[in-house]
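A.B. asks: For reference, the chains in residue letters:
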Amino acid sequence: AQTVTQSQPEMSVQEAETVTLSCTYDTSENNYYLFWYKQPPSRQMILVIRQEAYKQQNATENRFSVNFQKAAKSFSLKISDSQLGDTAMYFCAFGGNKLVFGAGTILRVKS
Amino acid sequence: SAVISQKPSRDICQRGTSLTIQCQVDSQVTMMFWYRQQPGQSLTLIATANQGSEATYESGFVIDKFPISRPNLTFSTLTVSNMSPEDSSIYLCSVGFRQSTEAFFGQGTRLTVV
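Protein chains in written order, with the working numbering: chain S, 1 to 111; chain H, 1 to 114.
The set of hints was computed from the structure by calculation and includes no laboratory data.
Heads up, some of the hints might be wrong.
[Claimed, not checked] Simulated crosslink set (BS3-like; lysine-lysine; CA at most 30 Å straight-line):
(1) Lys-110(S) - Lys-78(S)
(2) Lys-55(S) - Lys-78(S)
(3) Lys-98(S) - Lys-110(S)
(4) Lys-7(H) - Lys-98(S)
(5) Lys-7(H) - Lys-78(S)
(6) Lys-78(S) - Lys-98(S)
[What the hints assert, rightly or not] What follows is a list of derived Cβ distance ranges for each label pair:
(7) Asn-62(S) - Asp-11(H): 33 to 43 Å
(8) Ser-42(S) - Gln-38(H): 13 to 23 Å
(9) Val-114(H) - Glu-17(S): 41 to 51 Å
(10) Thr-20(S) - Ile-12(H): 33 to 43 Å
(11) Gln-41(H) - Gln-83(S): 37 to 47 Å
(12) Arg-10(H) - Thr-18(S): 30 to 40 Å
(13) Glu-102(H) - Lys-78(S): 16 to 26 Å
(14) Ser-84(H) - Gln-56(S): 43 to 53 Å
(15) Glu-29(S) - Ile-12(H): 34 to 44 Å
(16) Gln-41(H) - Ser-28(S): 35 to 45 Å
(17) Gln-14(H) - Asp-81(S): 16 to 26 Å
(18) Ser-1(H) - Ala-103(S): 25 to 35 Å
(19) Pro-8(H) - Gln-56(S): 44 to 54 Å
(20) Asp-81(S) - Val-114(H): 36 to 46 Å
Heads up, the beta-carbon is just placed ideally off N, CA and C, and yes, glycines get one too.
Bound-form chain S, shown alone (with noise of 0.2 Å):
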């Protein structure tokens, strides 16, 4: 069975300043697919960005990119550039249509 884990229960980081949040995983799949999910106060889903794990280069989303590590089984994001508006609950999840989340990372983002 797939397991994410993300250690950071909450983090604080100022506008415009940069972040970046953990996830590792465990699978015995050799093809699958990682995503980071933001989850605002409004409770909606919204994707930041998907990673594919047999592509080598990692995924970037305008402020948003990750840093993929395969062999470690590590799955990181960074937000540079932070806004108010990333103030949110981020979720690390493994899988396709059908996800395997992480416990969560709620970031504040300070003025």
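Given chain S, put chain H in place with the hints provided.
C.D. replies: What follows is chain H alone, placed relative to chain S:
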């Protein structure tokens, strides 16, 4: 992409009663899923809703407690039966397309059992 309408958005229910949550999608989707998010917790998959057949439940979830229907490719319901305060959670519908790895989520139903 998909636009998902989930109803109700929230409800307060008496223990021992049942609540049915609806998930309507604006396009035909291959897969539909139901998740539970207990207060302050992560999302846990309850089941995969299969069109025209019984849902596939994850370990720890049973049909008698969480009956699911999926009569067509755009609609599903989840019923939370014989509710207790421990069922107080957010319940989310998620959909996916076979040709895509992205999952789309409804806004969730916040259920409080008193």
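A.B. asks: Given the hinted pair Lys-98(S) and Lys-110(S), is their Cα-Cα distance within 30 Å?
C.D. replies: Measuring from Cα to Cα gives roughly 34 Å; hence the hint is violated.
A.B. asks: Falls inside 43 to 53 Å, the C-beta gap from Ser-84(H) to Gln-56(S)?
C.D. replies: Distance hint for Ser-84(H), Gln-56(S) holds at roughly 48 Å.
A.B. asks: Taking the beta carbons of Gln-41(H) and Ser-28(S), is their distance inside 35 to 45 Å?
C.D. replies: violated (26 Å)
A.B. asks: Can you let me know if the beta-carbon spacing of Pro-8(H) and Gln-56(S) is within 44 to 54 Å?
C.D. replies: holds (45 Å)
A.B. asks: If I claimed the Cβ atoms of Arg-10(H) and Thr-18(S) lie 30 to 40 Å apart, would that claim hold in this structure?
C.D. replies: Because 36 Å falls inside the window, the suggested range holds.
A.B. asks: Starting from the hint 34 to 44 Å, judge whether the C-beta atoms of Glu-29(S) and Ile-12(H) obey it.
C.D. replies: holds (41 Å)
A.B. asks: Does the Cβ distance between Asp-81(S) and Val-114(H) fall inside 36 to 46 Å?
C.D. replies: holds (44 Å)
A.B. asks: Is 41 to 51 Å respected by the C-beta to C-beta distance linking Val-114(H) and Glu-17(S)?
C.D. replies: About 43 Å separates the Cβ atoms of Val-114(H) and Glu-17(S), which means 41 to 51 Å holds.
A.B. asks: Between the alpha carbons of Lys-110(S) and Lys-78(S), is the straight-line distance 30 Å or under?
C.D. replies: holds (17 Å)
A.B. asks: Regarding Thr-20(S) and Ile-12(H), is the given constraint of 33 to 43 Å on their beta-carbon distance met?
C.D. replies: holds (39 Å)
A.B. asks: Between Ser-42(S) and Gln-38(H), does the beta-carbon spacing fit 13 to 23 Å?
C.D. replies: At roughly 18 Å between Cβ atoms, Gln-38(H) and Ser-42(S) fall inside 13 to 23 Å, so the hint holds.
A.B. asks: Run the distance test for Lys-7(H) versus Lys-98(S): straight-line Cα separation, threshold 30 Å.
C.D. replies: holds (21 Å)
Consistency with the previously given hints fails for numbers 3, 5, 11, 16, 17, ordered from lowest to highest.
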